[in-house]
Every structure is written in C-alpha cells, then in structure tokens.
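Under full-length UniProt numbering, the first residue of the sequence shown is numbered 1, with each subsequent residue one higher.
Calculated from the structure, these hints are not laboratory results. For clarity, every value in this text was computed on a predicted model and none was experimentally measured. Incorrect hints may have been included.
Cut-off 27 angstroms, straight-line C-alpha distance, at most; resulting in silico cross-link-like pairs (DSSO-like, lysine-lysine) [to be verified]:
id, residue 1, residue 2
1, Lys274, Lys12
2, Lys8, Lys206
3, Lys58, Lys267
4, Lys196, Lys232
5, Lys8, Lys239
6, Lys195, Lys239
7, Lys250, Lys227
8, Lys170, Lys196
9, Lys176, Lys166
10, Lys227, Lys171
11, Lys119, Lys166
12, Lys12, Lys97
FRET-style restraints, in silico, Cβ to Cβ [unchecked claim]:
id, residue 1, residue 2, range
13, Ala11, His108, 38 to 44 angstroms
14, Lys150, Lys195, 25 to 31 angstroms
15, Asp32, Tyr141, 46 to 52 angstroms
Note that the Cβ used here is the ideal one computed from N, Cα and C, for glycine as well.
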Amino acid sequence: MTKHELEKRVAKEVDEMTLMHDVLMTRVFQDDPGLVEYVLRIMLNRNDLKVVSSEVQKDIFARPEHHSVRLDVVAVDEHNVFHDIEIQRASENFSFKRMRYYQSSIDHNNLGVGENYSKLPETILIFIMGFDYYGDGKPYYRFRLKDDFKGRVAPDSYVWYLLNQKYVDKKSTFGKLMHDFGCAKTEEILLPRIKKSVECCKEGEKRMSVEEDIREMFKPELDQARKEAREKGRKEGRKENMREIISRMKGNGFSAEQIALATGWSKEEIEKVK
Numbered sequence: 001m002t003k004h005e006l007e008k009r010v011a012k013e014v015d016e017m018t019l020m021h022d023v024l025m026t027r028v029f030q031d032d033p034g035l036v037e038y039v040l041r042i043m044l045n046r047n048d049l050k051v052v053s054s055e056v057q058k059d060i061f062a063r064p065e066h067h068s069v070r071l072d073v074v075a076v077d078e079h080n081v082f083h084d085i086e087i088q089r090a091s092e093n094f095s096f097k098r099m100r101y102y103q104s105s106i107d108h109n110n111l112g113v114g115e116n117y118s119k120l121p122e123t124i125l126i127f128i129m130g131f132d133y134y135g136d137g138k139p140y141y142r143f144r145l146k147d148d149f150k151g152r153v154a155p156d157s158y159v160w161y162l163l164n165q166k167y168v169d170k171k172s173t174f175g176k177l178m179h180d181f182g183c184a185k186t187e188e189i190l191l192p193r194i195k196k197s198v199e200c201c202k203e204g205e206k207r208m209s210v211e212e213d214i215r216e217m218f219k220p221e222l223d224q225a226r227k228e229a230r231e232k233g234r235k236e237g238r239k240e241n242m243r244e245i246i247s248r249m250k251g252n253g254f255s256a257e258q259i260a261l262a263t264g265w266s267k268e269e270i271e272k273v274k
C-alpha cells in the first residue's frame, strides 16, 4: 500500500465511521464529561443524573496470568455509581460471560485492600448493541439480580443493559440517540449535541487525531505488507543473482543438465536465461 493509497483509505474510513466504532466514540467522548452525562441521562431516562468524572479507554489490569479488560467509556455520578458504556457491533463476538467478566473486573478494581464490601460502588453496565439481541423490537433489555420466588431485586446490586441500536423511533429522544449512533453522515444526525461533537471529530479540529488513530489501527497490516515486500525483494534479488550465475555457466560451456544439477533450476528455466 502506497502512502497515497493509505491516506485515501484513512479518509474513507473516517467518512464512513459511526459512533459504533471505538475510534470515533473514544474521540467524541474524550475529555467531555458533560456529553457522557447527556447520553447517560437519555439511556437511563434519568434527567437528575450528575456525572462527576469520566474516562475513555480505561484499562483494568488483572494479574499477569489473567485476562485484562479495556472499558470504552466510564463515568462516576454524584452518588458514586459506576457506569460503563461499551460498544458491541457484531452478534458473533457477544457473550453474557463477557459482561460477567467486565462486572467482576470492575468490582475488583473498585475495592481496595482491606476495604469493607459495603464500600463497593453500585455498577451499571451498558452495552450498545448493533443488533436487536432478542429480536423483540424493544429499545433495551435490562437485567438485575432478582429473587426467583417473588421477583425481589437484590439491594445494592448491579444492573446490566443491552441497548438496541437498531430501535426505530425518531420521535423519542432515546430513539434519536440510537439512530445517531449509527449515522455516518453528520447532516443526518438528529440530536444537536451529538451532531456538534461528531462534526468536530469528522470535519473539524479533531479530525487529524481521528485520522492518526486510524493509521495506528492499520499499522499491523502495513507492517505485514512491508515485510512481505521486503521478502519479495530479497527473493527477486536472489533470483536475479542466480540468472547471472547461470548466464556465466552457459557462457563457459556448461550443459543445461550440468547447470540444472548445480542450481536446482529446471532445464526449461535455464533455457530462458540469456
């Protein structure tokens, strides 16, 4: 891939990117707790929610032999409730075990050595799904720890949400938000607050940062392409050297059979060498 081809591909990637992509979502919500609060209020239908801190791409490291996690967008509200917003585009890669592991990792990270369990904050896990998980057409599916007999919700427990990004309802604010998460064209975004932030990343001052993130994303692919090109060049060089050797051997009177025995080339290949 040439530099021109790379830049063309990067530009196309940014233009076609939606908030369902980690790169754009990260840049849009980075250093903007007000925007995080805005979307959480819509997602949870909580106009009283106050975010006191937020962070994007938060790493939670377990022991070296254990699996670590990276949380897309995290926020803590004024009541010390921990919120985690995750993007899940494809159904093939989703598992409730992932949510369970994220929950346990968050809990482990939020309780210090020697602290009483009462210090463990409440947690709300929100997965924005690029598909309708149950296919019921609902805006979201909520999961809580309940008593099987009387349906009593366990106090101070976790809450898990699967938001249906495919939910269609442009009259409700929630429906508009889900629509906007799937919009690649900024002019089609319905919520002004979301539109302004996405425009800044796709068309404004943050675009260069988004493009750099995309280049970094392509880096393994580019490194592999360069490696293959170098190997191809070395092979071509060795092949050209062998042609020169064969040409000299032919000039010195060696037969095609003798050259084939010495070089491992076929008679047909040897005959083509001038």
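Holds or violated: Lys274 and Lys12, Cα atoms, limit 27 angstroms.
violated (47 angstroms)
If you draw a straight line from the CA of Lys196 to the CA of Lys232, is it 27 angstroms or shorter?
Not satisfied, since the Cα-Cα distance of roughly 47 angstroms exceeds 27 angstroms.
Just to be careful, I want the Cα atoms of Lys250 and Lys227 compared with a cutoff of 27 angstroms; is the pair within it?
violated (35 angstroms)
With a cut-off of 27 angstroms on the C-alpha distance, tell me whether Lys119 and Lys166 pass.
violated (37 angstroms)
Given the hint that Lys227 pairs with Lys171, does the C-alpha gap stay at or below 27 angstroms?
Distance ~52 angstroms between Lys227 and Lys171 Cα, so the pair is violated.
Please verify whether Lys12 and Lys97 have alpha carbons no more than 27 angstroms apart.
The hint is violated at about 35 angstroms.
Restraint check for Lys170 with Lys196, where alpha carbons must lie at most 27 angstroms apart:
It holds: about 19 angstroms lies between the C-alpha atoms, which stays within 27 angstroms.
Verify the proposed pairing of Lys195 with Lys239, using a straight-line Cα cut of 27 angstroms.
Distance of about 57 angstroms is beyond 27 angstroms: violated.
Between the alpha carbons of Lys58 and Lys267, is the straight-line distance 27 angstroms or under?
Distance of about 63 angstroms is beyond 27 angstroms: violated.
Range hint 25 to 31 angstroms: satisfied by the CB atoms of Lys150 and Lys195?
violated (46 angstroms)
Assessment of proposed distance window 38 to 44 angstroms (beta carbons of Ala11, His108)
Since Ala11 and His108 have Cβ atoms about 41 angstroms apart, the given range 38 to 44 angstroms holds.
Agreement of Lys8 and Lys239 with the hint, judged by alpha carbon distance not exceeding 27 angstroms
violated (34 angstroms)
Of the numbered hints listed earlier, those contradicted by the structure are 1, 3, 4, 5, 6, 7, 10, 11, 12, 14, 15.
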